[in-house]
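> Start from the sequences, fold in the hints, and give me the full structure.
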Amino acid sequence: MVYQNNSTRNWWQFNLREFWQYREVLRLLVIRQIQLRYRQTLFGMVWVFLDPIINIGVFTLIFGRFAKLPSEGIPYPLFLLPSILIWNLFLQTSTQISSCLSTHLYLASKVYFPRLFLPIQAIATALFDFLTSLLVFVPIFFIYRDYISPTLGLLVWWVIYAILISISISLWLATVAVRFRDIGSLLRYVLRIMQFGLPVIYSQEIMPTQYIHLLQWNPLYWLVMGTRSAILGNTLNLTYPFWLTLLALLVSGVLAVFWFEQHAHTVIDWL
Amino acid sequence: MQPIITVSQVSKCYPIIRIREKISLSSIIHALRPPKQFWALQNISFRQYPGEVVGLIGANGAGKSTLLQIISRVTKPTSGYTQTTGRTAALLQAAVGFHNDLSGRENVFLAGALIGENRREMEKRFDDIVSFANLAEYIDWPVKRYSSGMRLRLGLAVALLSRPEILIVDEALTVGDHKFRVQVRNQILQLKKDGCSMLLVSHESALVQALCNRVLWLEKGYLKKDGLPQRVLSEYLSQSLNLLPPDTWQSATASESRTVFADWLGWRYEPGAKQTTIWLDIEVYNYSLAIVCELVINTTLGNPLAICRAEIPQKLAQHGKMRLKFELNTRLLAGFYMIDFRLYDNQQLQNEIKNAFTFEVPSPTTPTELNNSLGAVVELPAQISYHLL
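Going line by line, the protein sequences match chains A and B. The numbering used here numbers the first residue of the first sequence as 5 and each following residue consecutively. The numbering used here numbers the first residue of the second sequence as 20 and each following residue consecutively.
Worth flagging that the hints you see were computed from the coordinates, not collected in a lab. By construction, the Cβ of each residue, glycine as well, lies at the ideal position given by its N, Cα and C atoms.
Only part of the chain A face toward chain B is listed, based on derived beta-carbon distances under 10 Å: (1) V6; (2) R27; (3) R31; (4) R36; (5) H108; (6) S113; (7) L275.
Over 10 Å on every C-beta distance to chain B, these chain A residues come out as not near it, computed from the model: (8) F70; (9) L159; (10) R196; (11) P212; (12) N222; (13) V261.
In structure tokens form, the structure reads like this:
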């Protein structure tokens, strides 16, 4: 097997065969990452289920019971679930992708492996969390089964959409975050603000229409509204800002992958 | 024959990032500006063929580690390219990419996968690796609980026992306790026998000489010399340890020469395969008792190896200049040695010249002579008798 380390490799050239050769590394990275999060904890793997329950429980109690946020006539827990689950998926993928290189420098500064494994690992572990959370709430979906829309299968698309947004934003940041360590916290602040600025935990009914027009240029708005409509069946008009931003996301996502592949290998020079 | 490692016109430029203590607007602007550059490697080219063991020597900061990083693909060259043909195990900066929270066992499998060994093969080798590293009791501990020695032992064990075709080691061959070092040395010799190509960085010239077929000398990012170990090493050491050409008279400088009873004047040496001779001139005055001259023979690492001491009895010593001749009859084996001079008067150390000179005993030219592949330094004369049992 011949391995090259070439300064002049073209940015569009990918060594996909190498991905296959190193597949065992990816497998171990993903498994270990999932295992690690529950190591040295009191409840161990129970956290997989505990985490979403506490998360949703608190939101339901505070915003559903006390603040009585509008939920378009749907029981608040059910109204909250799709949007908060997809939001958490997005939050996790984007923060983990942005920090994937800087948290794995112990490896990246010592051995070679396809650096794209790191964002892939971040996505895989976030997906694992998302799926387990879904599993936890199967009983709730079952209780409220009359509300569930037959368009449930569209959820798959919105999951892909969430990952696409994360890649097209965070993968750019991953290489930069090694050099500037405050990138990660900046991203977290922005996302925290967005969580409350978008109709994640409340209905968009309470928002002025002008504001919603503006929000439509934010792909995250579509992510939240789309997931909600996939599960609960409320109407969703995909207006032209959705398609335009989707195009931009696709372009940005693809370029980010190339950028990452090109720059992740020299990032340790900046340490 | 196809080279197993090709390095072609590799240059590497690093950005220099300065850390500023004060935080101000200008420091933010400064952080965003393109930084200054430092060329760690300049136009390095060489080829290594299968089975070759190549040593990389040079002063600190010469670019040795950078070159290994590029060959093992941890970073990219700024220009040029490298090519390796085969599974590569690399131990860079005397460390391994171990995850602190993972157990030793998990790290072994991860490291094996990174080398390119498949899972089944690793499971077969796992027990060997653990017993080689002598960590059987600790293998399920998280690696963060390991001492630095334990980490390195495990890292070396994985690298040495996972059948790499290319082994790249950066100053990690001299870790661990004595027993482990012997194990490492034997395993390396075994790998060498099996035809594994190696690229080693070591500051231990004796080790380089014993293991390598070829030595590359890097200086300030340039490849200065590429050749047989003995030749390159002697040139390198002569520069860094001030190895003087044999058989020329060296004068002592004033600062090191004066004592209360004698002056060093100078010395000369003549190395040989059978015998090394050292001449020493001193000027004696004000002496009261016997004078004791001492030569300390050190290895290039500075470990004292032997002392030879000669006493000039009181009645023989005279005021004035005298020339002493030391004939070292014990055969020193091929390698490099550093000499310290000491002068005693009345059991008291009066004067010492540290590292007065370094000399080289050439390697054996005839095949009947002992091949010093063990890194031994002296051959002791012994008489063997036997009787039938």
